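Asker: Using the supplied hints, reconstruct the complex from the two chains, each of which is provided in its own coordinate frame.
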Amino acid sequence: MSECNFQLLLGAYHDRELDAAVDRRIARHVGECFSCATALRGMRELSARITTAAAMELEADAAVIAGMHRAVDRAARDESAAVDRPLLRMAGLLSALAASVLIISGVWLLDSRGDARLANGAGAAAPRGGDVTAITPDWERVAITLRAQPRPGIGDDSPFAPRYAEAIHWMLDGLIPAGGRSEGKPWAEPKSF
Amino acid sequence: MGASDLEVWQAAASGDHAAFHVLVDRHGPHLFRVALSLSSGRADAEDICQETFAAAFLGLKSFDGRASVRTWLTSILMRRAAKTWKKDRHARRAISLDRRADDDVERENPGGALADRLKVDAATGAADQRMDVLEVIRTLPPEFRAAIVLREIEGLSYQEIADVLGVPRGTVESRLYRGRAELRRKLTGY
Ligand SMILES: [Zn+2]
Numbered sequence: 001m002s003e004c005n006f007q008l009l010l011g012a013y014h015d016r017e018l019d020a021a022v023d024r025r026i027a028r029h030v031g032e033c034f035s036c037a038t039a040l041r042g043m044r045e046l047s048a049r050i051t052t053a054a055a056m057e058l059e060a061d062a063a064v065i066a067g068m069h070r071a072v073d074r075a076a077r078d079e080s081a082a083v084d085r086p087l088l089r090m091a092g093l094l095s096a097l098a099a100s101v102l103i104i105s106g107v108w109l110l111d112s113r114g115d116a117r118l119a120n121g122a123g124a125a126a127p128r129g130g131d132v133t134a135i136t137p138d139w140e141r142v143a144i145t146l147r148a149q150p151r152p153g154i155g156d157d158s159p160f161a162p163r164y165a166e167a168i169h170w171m172l173d174g175l176i177p178a179g180g181r182s183e184g185k186p187w188a189e190p191k192s193f
Numbered sequence: 001m002g003a004s005d006l007e008v009w010q011a012a013a014s015g016d017h018a019a020f021h022v023l024v025d026r027h028g029p030h031l032f033r034v035a036l037s038l039s040s041g042r043a044d045a046e047d048i049c050q051e052t053f054a055a056a057f058l059g060l061k062s063f064d065g066r067a068s069v070r071t072w073l074t075s076i077l078m079r080r081a082a083k084t085w086k087k088d089r090h091a092r093r094a095i096s097l098d099r100r101a102d103d104d105v106e107r108e109n110p111g112g113a114l115a116d117r118l119k120v121d122a123a124t125g126a127a128d129q130r131m132d133v134l135e136v137i138r139t140l141p142p143e144f145r146a147a148i149v150l151r152e153i154e155g156l157s158y159q160e161i162a163d164v165l166g167v168p169r170g171t172v173e174s175r176l177y178r179g180r181a182e183l184r185r186k187l188t189g190y
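Sequences listed follow chains A and B, in order.
Numbered per the working numbering, the first sequence spans residues 1 to 193.
Numbered per the working numbering, the second sequence spans residues 1 to 190.
For reference, chain B alone in the conformation it holds in the complex (with noise of 0.2 Å):
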């Protein structure tokens, strides 16, 4: 058994720059699922991994010990994320008149093409598992989405999403319901 997360930490707040390495170790592969769970695709999510371990390692002396190692680092990730999806949409916007047409609709109901093929499939009765529910997941409103992911993914506790995502523990039970019932929703077509 090697050190906790919290002596390691400490070792790199102090200077040791090879102990920050453990912790991208540690952390890099489950920041690297949420990430990707998140983002439209793995080229967008390694970059969130690593602006979030850059960010981590410039503010090693800002983590206070009070919560995990983890739970410090999935919010930088949701930080950078959240800021990605920002740009996404800006960017989204500049595109052309036609392709911005296709935009509204999907703001108006987001994932509503893939809605519709799933309603497709599931009336040939085949769809569901077939279904990539990855991609489910990353139609679902920011906020479900990520709710759903620090969940079923990380498997953070109600506590521990609530201080990534600096809501009460109130508003992480009620994102996870109504997540997961726009989940099923969307993967059964009912």
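Chain A on its own, in the form it takes in the complex (with noise of 0.2 Å):
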């Protein structure tokens, strides 16, 4: 049944797939030609039987649209659970590095008031106002001696001076408690009490 060349476009006419010129003129060979027209109602009988048969046998029951549903709300949580894992692991890294630190610099805090109040309890007759650094602990000689040697090579004139004088008062302000500073001296004479 395939002496017709028309037969080629027979599926796209059967599925009405041709412009409007082919159609009209494919319907009209049709009328005209018995080979195509038994294979046109052979494409029809088959296509009904197959949406019968679609029908009938693939339908879809409620537990199986219900098990779509359950697919979509675990890939749901799935999603939103990926989505939280970076970010709990970051909190996670970040609360534990503030620990860190808050435990690093307790320690050290702890550790130079222990240095500072020894220094105290054994210098009894701390000179006032003389050489300070007998009392203090390390790290607040290593800032005096800066303040009072700049480092070699850099001058007075120098402009790095400054700045590592203001750094250095800015230090002692900030850690040493009793007094303050007063301009032109290494900080205050320390109140007697």
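Hints listed in this document are in silico derivations from the structure and should not be mistaken for laboratory results.
As the structure is a computational prediction, the values presented were derived from the model and not from experiment.
There could be a bad hint or two in this list.
[As the list claims (entries may be wrong)] Label-pair distances were calculated between CB atoms; the ranges are: (1) Ser95(A) with Pro142(B): 49 to 57 Å; (2) Asp23(A) with Leu58(B): 36 to 44 Å; (3) Asp16(B) with Arg89(A): 25 to 33 Å; (4) Pro142(B) with Leu97(A): 29 to 37 Å.
We put the CB at the ideal spot given by N, CA and C, even for glycine.
Answerer: Here you go:
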């Protein structure tokens, strides 16, 4: 039944995929050609049969559709878990970091205060405005020495010197609770009790 | 008349999870029809549909709105189904030697046993209408099977089938022509 060239277009004609002009031409031809008319009838019967079978055998019941809904919910849960996981990890990491900083600075502060108390206790006759480094812990001595004796090679006229001095004053202001600092002196004379 | 597919998709893509369930209700039944016509059983078809909707949900933003939502979902389904076919083929290769011999015959002549049965039935003159046409469709080579199912069961246009399968429109036309010829041959025995 393949003797007619029009048969190549019959499928598209049956599926209504041809433009109007070609469609009319095929319709005319089918009216005149037994072979094409038979082939077209076969195609229509086949389509009708598939449609009927599909309606009978391929219906999705409520349980099948419910399964699809559950799959979407699972995907949504997995997706939000995947989004939350790195955030939680990051938050955990930051908390751990903050805790470490707290612990280290706490230990360091306790250690510094211990040093200072020891120094105060040992030097009961600590000079007033004398050698202040005798009663200070190491880190303060370093700061005082830096201010008193600028690093070699950096003279007073060096643009670096004021910056160093400012930084050191700032350190001392922040770290020495007793008194405060007055202009022209390393810091104010400690108050006598 | 409710919101269009595209509007529902937009709502889903901007985080409205419930909107996606509307798409499941709208397209679940016909996707299941396609899946079941392409696969060997209901359990496989259910799996394929579930995977399809899960993948679509996760890839909501990858849909550009140029095709219809239905075409987009169907193309995801076709990819999942193709994966299942591939897995089935590997599984079949792993079975025993005697079964493997049967498979070789089956591979050379897909649906051969069924076609033989059909011929016998055709000889009695009563076979054609009794034969499960969907079972015969499942024996077609995959590319013909897909084209036939998308046209005859899904009712997609040639261009939509071309989009779903990622082939030119002319290829769709030729697969349909050859697929129908093969189907007729298997159903009628000539
Ligand atoms: Zn003709």
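Asker: Could you tell me which of the numbered hints above are not met by this structure, giving the numbers in increasing order?
Answerer: Hint check: 4 fails alone, others pass.
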